[in-house]
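The hints should help you fit chain B onto chain A, whose structure is shown.
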Amino acid sequence: MVWEMYLLEMGFSASVIILMVIICRVLFMNRLPKKVFLVLWSVALLRLLVPYSFPSVLSIYSLAGNNQFILEKAEDITNWREEKHEEILVTEKDNKHQAGNTINKVLAIVWLAGFITCAAGFIILYIICYKRFCTSLPVDNPYTQEWLKSHKIHRHISIRQSGSVKSPLSYGIIHPVILMPEMADWENVSKMQYILEHEFVHIRRFDALAKLFFIIAACVHWFNPLVWIMYILVNRDIELSCDETVVRNFGESSKAAYALVLISMEEEKSGIVPLGSSFSGNTAEERIKAIMKIKKSSKTAYIMAFVLVAAVVFVFATSAESAGRQQETGNVKKLEKPDVIEENNNDIQEDTIPGTYNTVLGEIAAGIAAKGDYEVLGKIVTFLNKEDLDKIAKYIADKGDYESLQYIISFVGKDTLEEIAEQAKKDGKSDELQYMVPYM
Amino acid sequence: MMDVKLFDSELKVMDVLWREGDVTAKHISDVLKEQVGWNMNTTYTLIKRCIKKGAIERSEPKFMCHALIPKEEVQEAETNELINKIYDGSADKLFTALLGRKKLSAEQIENLKKIVGEFK
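Going line by line, the protein sequences match chains A and B. FYI, the numbering for the first sequence is 1 to 440, going by our numbering. FYI, the numbering for the second sequence is 1 to 120, going by our numbering.
In isolation and in its complexed conformation, chain B is listed as follows:
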């Protein structure tokens, strides 16, 4: 259960673990250097912050990192927060807003319809 909020920068670190599974801190740092231009110190500081927040577990040798929180959990937590903060606690309002956006592609609308179908 996620008690602490992860910042955008920390989510980026988690993202690497969610995509690639357990990897070394060095690998995460290399990937992020490539992706967002962070230097090694920055990435390591963020990894340590995540460890402190209980999002990552460190194991030796080689500073292996393991994501303690699955991506779905973060997604749900963030969505709930969004609904509560911005959409007055009503998931319907968020849904309506999403549908109302003119920028939804045909594919996205199809997917949404499918999801609605699953909930019936």
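The shape of chain A in the complex, shown without the other chains:
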């Protein structure tokens, strides 16, 4: 159940980041170096693939946690749960346990099915491309030899040609290959240099590897439409940034020449190459416009870019720094360090639970538990992060309220259950824990 939690959380905060990047893209596309957007997309990607994020007071989730609005939303969630799962309200604890687990199993299977379908789709595309490319022939003429010599990187680059491609493209992470169409005119040096340079930039920046990671993220979060939107936009931005780099390398005055080359290749569209980067296609019109708008980035642009990235990272990519518990009146008690809360154990007010929680929902659940509203707690328990849940369970046990644990017992971790059982033995309340036995 825990991984579902992580998945939803990562997906949610990543979706927020993606929305922010989309907004930034619309506002600043032609005013900032395109690399900035790639950095922003990487932030979203990290959020999608890495379950850990560092807490920050600046995080929007810290600010949100202290918001009455969120508490109201939580009540909406509990009402929704009530509608959907009336079966769970049956008093039999066994049924409660089974129903909760079944839903989780179903969700897990649904996710797995979606993931496998997406992954299979990409793998099939890859195989189709592989079959088309494997019969390519090497290109060896003085021009290519010279070009390869002057464009040395650690990996060995091959230049090949094939009748199956209509537009130049590059692929391969460990052994990059530039694949040219059969009719490539090696005499046309000015045209060729732009084409090769473009592919070279893709190779040098490991774009194929980056695309692979984005594909993985899209497969894992297949149910999130924003992630697919991100996938489409990332591919476009990789091309745009590549164009920008090529123009920079050749000098700004080469803009027109480069754009003309792109236009002349426009007629020939290549097929779908998920891990490769092609020269034309890929909304060539957008690219040509962007190329003509390239200008030297001013210092202010760079500063703006830096501030933008920092803001997005610190506000949206961090998790909630746990503030103190919110009181009924909605007053905010903001504590800077979690340790301070532990020290205040003795002066706990009735409606707070000690300890810091990993998620906003955890804090809300703690508040609900503190109020003794265990039925409601039982309804949102499947959404809770494992650590938060264990903390709450321990707290309830500490209060001596073993009976109330039954509402959340099926989701509590085994170690915590054993700890609670020990504690109960000491308190001489083992009888009350009989319902716990099947879960230990």
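Treat the hints as calculated values from the structure; they're not laboratory data. Glycine is no exception: its CB is placed at the ideal position from the N, C-alpha and C atoms. One thing to keep in mind: the hints can contain errors.
[Stated by the list, open to error] Using 16 Å as the maximum straight-line C-alpha spacing, the simulated EDC-like pairs for lysine to aspartate or glutamate come out as follows:
no., chain 1, residue 1, chain 2, residue 2
1, A, Lys-131, B, Asp-22
2, B, Lys-62, B, Glu-10
3, A, Lys-425, A, Asp-401
4, B, Lys-12, A, Glu-182
[Said to hold, decoys possible] Label pairs and their calculated CB-CB ranges:
no., chain 1, residue 1, chain 2, residue 2, range
5, A, Leu-27, B, Tyr-87, 28 to 34 Å
6, A, Met-183, B, Glu-110, 27 to 33 Å
7, A, Tyr-126, B, Asp-92, 46 to 52 Å
8, B, Leu-99, A, Pro-142, 51 to 57 Å
9, B, Gly-117, A, Ile-127, 24 to 30 Å
10, A, Pro-138, B, Tyr-87, 27 to 33 Å
11, B, Ile-86, A, Ala-257, 24 to 30 Å
12, A, Leu-8, B, Lys-48, 47 to 53 Å
13, A, Asn-188, B, Tyr-87, 20 to 26 Å
Chain B alone, transformed into the frame defined by chain A:
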């Protein structure tokens, strides 16, 4: 008579047979691995395609390959196609184009003159 068109990649396979005569598929695969970097699967797939097109005949043991189409036939077919498609069906135009190319070496011009002489 060649009814089907051979792709560049398939021509490369045929080339080995034209140069070396009948050889095993394994040998073709080794040669091409050396020449163009194809792995064994790729070469075998191409050989099978050629067999399907009637360009290669397979005999056992050892998957021996024999070229059913001579090189000259392919050359003629390709040239005719070139003339028809690009030079408006006129061999003269192709000839003129070849002569007009500044990159012809003296040796090539000599050879062309010889060929013209043979046709007289």
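How the hints compare with the structure:
About 27 Å separates the Cα atoms of A:Lys-131 and B:Asp-22, which puts this hinted pair outside 16 Å; it is violated. Distance hint between B:Lys-62 and B:Glu-10 is unfulfilled; the C-alpha atoms sit about 21 Å from each other, more than 16 Å. Using a Cα cut-off of 16 Å, the hinted pair A:Lys-425 and A:Asp-401 holds, with the two alpha carbons roughly 14 Å apart. Only pairs whose Cα atoms come within 16 Å are accepted, and B:Lys-12 paired with A:Glu-182 is accepted, the gap being roughly 14 Å.
Roughly 56 Å separates the CB atoms of A:Leu-27 and B:Tyr-87, a value that falls outside the hinted 28 to 34 Å. Against the hinted window of 27 to 33 Å, the Cβ-Cβ separation of A:Met-183 and B:Glu-110 comes to about 30 Å, which satisfies the hint. Between A:Tyr-126 and B:Asp-92 the C-beta distance comes to about 49 Å, which sits within the given range of 46 to 52 Å. Against the hinted window of 51 to 57 Å, the Cβ-Cβ separation of B:Leu-99 and A:Pro-142 comes to about 24 Å, which falls outside the hint.
Under the hint 24 to 30 Å, the C-beta atoms of B:Gly-117 and A:Ile-127, about 55 Å apart, miss the expected range. Range check, A:Pro-138 to B:Tyr-87: Cβ separation about 29 Å, and the 27 to 33 Å hint holds. At about 28 Å, the CB distance of B:Ile-86 to A:Ala-257 agrees with the hint of 24 to 30 Å. As the Cβ distance of A:Leu-8 to B:Lys-48 is approximately 50 Å, the hint placing it in 47 to 53 Å holds.
For A:Asn-188 paired with B:Tyr-87, a C-beta distance near 22 Å keeps the hint of 20 to 26 Å intact.
Of the numbered hints listed earlier, those contradicted by the structure are 1, 2, 5, 8, 9.
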